[in-house]
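J.: We have chain Z; now place chain U onto it with these hints.
Protein chains: 2
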Amino acid sequence: MKFASLKSASPDGRLVLVARDGATAVEAHGIAATLIDALERWEQLAPALQELYGLLNQGCAPGSFAFDPRNCAAPLPRSYQWCDASAFLNHGRLMERAFNTEPIPDFETIPVMYQGASDDFLGPHDDVALPDESQGIDFEGEFGVIVGHVPMGATAQAAQQQVRLLVQLNDWSLRKLGPREMATGFGFFQCKPSTSFAPLAITPDELGDRWSDGRVKLALAVRWNGAWFGHPNGAEMNYSFGELIAHAARTRRLSAGTVIGSGTVSNVDRGAGSACIAERRVIEIIDQGEARTGFMRFGDTVRMAAQDSQGNMPFGLIEQRVVAAVPAG
Amino acid sequence: MKFASLKSASPDGRLVLVARDGATAVEAHGIAATLIDALERWEQLAPALQELYGLLNQGCAPGSFAFDPRNCAAPLPRSYQWCDASAFLNHGRLMERAFNTEPIPDFETIPVMYQGASDDFLGPHDDVALPDESQGIDFEGEFGVIVGHVPMGATAQAAQQQVRLLVQLNDWSLRKLGPREMATGFGFFQCKPSTSFAPLAITPDELGDRWSDGRVKLALAVRWNGAWFGHPNGAEMNYSFGELIAHAARTRRLSAGTVIGSGTVSNVDRGAGSACIAERRVIEIIDQGEARTGFMRFGDTVRMAAQDSQGNMPFGLIEQRVVAAVPAG
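In the order they appear, the protein sequences are chains Z and U. Read in order, the letters of the first sequence correspond to residues 1 to 329 in my numbering. Read in order, the letters of the second sequence correspond to residues 1 to 329 in my numbering.
Next comes chain Z alone, as it looks inside the complex (with noise of 0.2 Å):
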């Protein structure tokens, strides 16, 4: 199944069925209010789902309608809890380079995975409005999963099981924010504005063989300001997706539509390109001895895209203008 979240005046969206082909949308209202609503009660609501789609793919749904991507919110406009991992090691390791930190410990054993702020999530075509074009803006290209409820002390395989949903995102990051925010200790904050959403939170069943071993194995098509970045694949995830939501839940239980991110994709081979400007930047400074790219500049605009190798984006696409916030009054 593949679910959508149009924009209303409701915080949580229109949630629709939307086709496999993505040409066209139920709402699913008569069967679940909201995508929270549908999570918490999955075992319940799936069968009645399953059956919406069955019809919208077959063309015989009453009522539906031609989808545009642009209407939409994030799949969750909000949830109750966002968890961002940085299970590319490959990643983690050139990036220590470049903010020029001592190593992470335990980085090849444990996963390292911070609590991100879930109570605003960008829809995919929203401008990105933030305060300061001197703070290094950066987009982080990721997959991420969405749970059912997960017990406090669930092993990995049994996490595993709680993936109800797949989705794409972009974890926006303010890089000058973020050094003096991991000196601190108490991590992140500043440097994380609002997460955006790629349209589409699809069931993995969607991806056939490409959801394997708890791993996206798509290719994430990356263009900024209309040109190739990277394409880096979600196979080399050093951790599973089950191994990371068991660390989310070691002392503590899971809500169900707790979002649980990969961190940037990464690969070791270098002609996959990168997911962020940080990691080129890094690059940069290895293979030239100085970072020649610089971040994001308002007006700037960045796509980011999931293709098979038949180029279909199984969860649609995500593109997204930085501008500059209006002040506070």
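The set of hints was computed from the structure by calculation and includes no laboratory data. Remember, predicted model here, so these are calculated numbers, not experimental data. One or more hints might be untrue.
[As the list claims (entries may be wrong)] Sample of chain U residues lacking proximity to chain Z, with all beta carbon distances greater than 10 Å (derived): (1) 8; (2) 33; (3) 55; (4) 58; (5) 62; (6) 65; (7) 68; (8) 203; (9) 226; (10) 307; (11) 311; (12) 313; (13) 319; (14) 322.
[To be verified] Covered stretches of chain Z (in silico footprint by chain U; criterion: 3 or more residues with CB under 8 Å from a CB of chain U, positions within the stretch not fixed): (15) 80-93; (16) 124-138; (17) 154-160; (18) 218-224; (19) 250-258.
We put the beta carbon where it would ideally sit given N, CA and C, even for glycine.
T.: What follows is chain U alone, placed relative to chain Z:
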């Protein structure tokens, strides 16, 4: 006004108004479905809530009933955001010695704040289920505020105008997991299990002059297994709540219902005792050469109540027991 959420089948609980004397309550469902709903539509709903609260205090509210805080969830049983500062610098300075960490950069001029988990807040009398007694189980007595919508870049003064409710909370911590997580730079995660709240979220006017300068100027009385542990006063907070909210909103807007915490209440006067075990331990190290107090054991209880000079408890009280979590199946 005083709000509580009674436990119910809904994860958001049943919203009630509680009389000033704490004896009676009345359903607020006819006005606002949940406390989050009330916060999102505060300007619109506050007059009707205020009118009902007036009737309740006069003993004239239809359908009022005896209030039992043992039936309470947290005032917000879950929210979209929870941000916790460390705004009592005395505590932070002592903790640096406890963890033997580098001084926090800009500690005197920029608040430190971590993003906490808000998906599963615990009620004032809920057992606190934790997986492992050896992880350094500790309480942290704090004050907090719940805000309305805060725009990105709000000044401290404007931010403070968005304080809707005051709360008292226990930010449970697992001290043995903290240092490694601080060293990653990604911040607190597994060391912060679910946070607990006193039953009543109150409008600032309920405190009279005990709410001023953006601070809750009350002693927070803490008892561990029935024995006095401390009664530090919130007046010594080094940053105002307005400053803390503005810090949180520097690079993103905050949704209504965002909870901002003070960090452990801590006073320079040693006679005030402490609001967490870690602080007492480091004072023991300083005064006696070694930590003599252990952390909590399964079966231990902690009681926390802010008290005014007449012994009134405007937030009600937290009284909880730590228990071993049932292993995940």
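J.: Could you run down the list of hints and mark each one as holding or not?
T.: Cross-check of the supplied hints:
The claim that residue 8(U) is not at the interface with chain Z holds, since no C-beta of that chain comes within 10 Å of its own (minimum 14 Å). The claim that residue 33(U) lies off the interface holds: its Cβ sits roughly 12 Å from the closest Cβ of chain Z, which is beyond the 10 Å cut-off. A cut-off of 10 Å between C-beta atoms confirms that residue 55(U) is not in contact with chain Z; the least separation is 31 Å. The beta carbon of residue 58(U) sits about 35 Å from the closest Cβ of chain Z, which is more than 10 Å, so the claim that it is off the interface holds.
Residue placement check: residue 62(U) keeps its beta carbon more than 10 Å from all beta carbons of chain Z (closest about 30 Å). Every Cβ of chain Z is farther than 10 Å from the Cβ of residue 65(U); the closest lies at roughly 29 Å, confirming the non-interface assignment. No beta-carbon of chain Z comes within 10 Å of the beta-carbon of residue 68(U); the shortest separation is about 26 Å. Look at residue 203(U): its CB is around 22 Å from the nearest CB on chain Z, clear of 10 Å, so calling it non-interface holds up.
With a closest Cβ-Cβ approach of about 26 Å to chain Z, residue 226(U) is found to remain outside the 10 Å limit, as its non-interface label requires. The Cβ of residue 307(U) sits about 30 Å from the closest Cβ of chain Z, beyond the 10 Å cut-off, so the non-interface label holds. Look at residue 311(U): its CB is around 34 Å from the nearest CB on chain Z, clear of 10 Å, so calling it non-interface holds up. Residue-level check passed: residue 313(U) sits 28 Å from the nearest beta carbon of chain Z, beyond 10 Å.
Distance check on residue 319(U): its Cβ is at least 21 Å (rounded) from any Cβ of chain Z, clearing the 10 Å threshold; non-interface status holds. With 10 Å as the threshold on Cβ separation, the claim that residue 322(U) sits away from chain Z holds: the shortest Cβ distance comes to roughly 13 Å. With a threshold of 8 Å between beta carbons, the proposed coverage of the segment 80-93 of chain Z by chain U holds, since 4 of its residues qualify and at least three are required. Interface restraint, the segment 124-138 of chain Z with chain U: holds (4 residues with C-beta to C-beta distance below 8 Å; minimum three).
Here the segment 154-160 of chain Z counts 3 residues with a CB under 8 Å from a CB of chain U, which clears the bar of 3, and the coverage holds. Residue count for the segment 218-224 of chain Z with a Cβ under 8 Å from a Cβ of chain U: 0. That is fewer than the three needed, and the coverage hint is violated. For a cut-off of 8 Å, the count of residues in the segment 250-258 of chain Z with a CB near a CB of chain U stands at 8, and the three-residue condition holds.
Hint compliance for this structure: hint 18 alone is broken.
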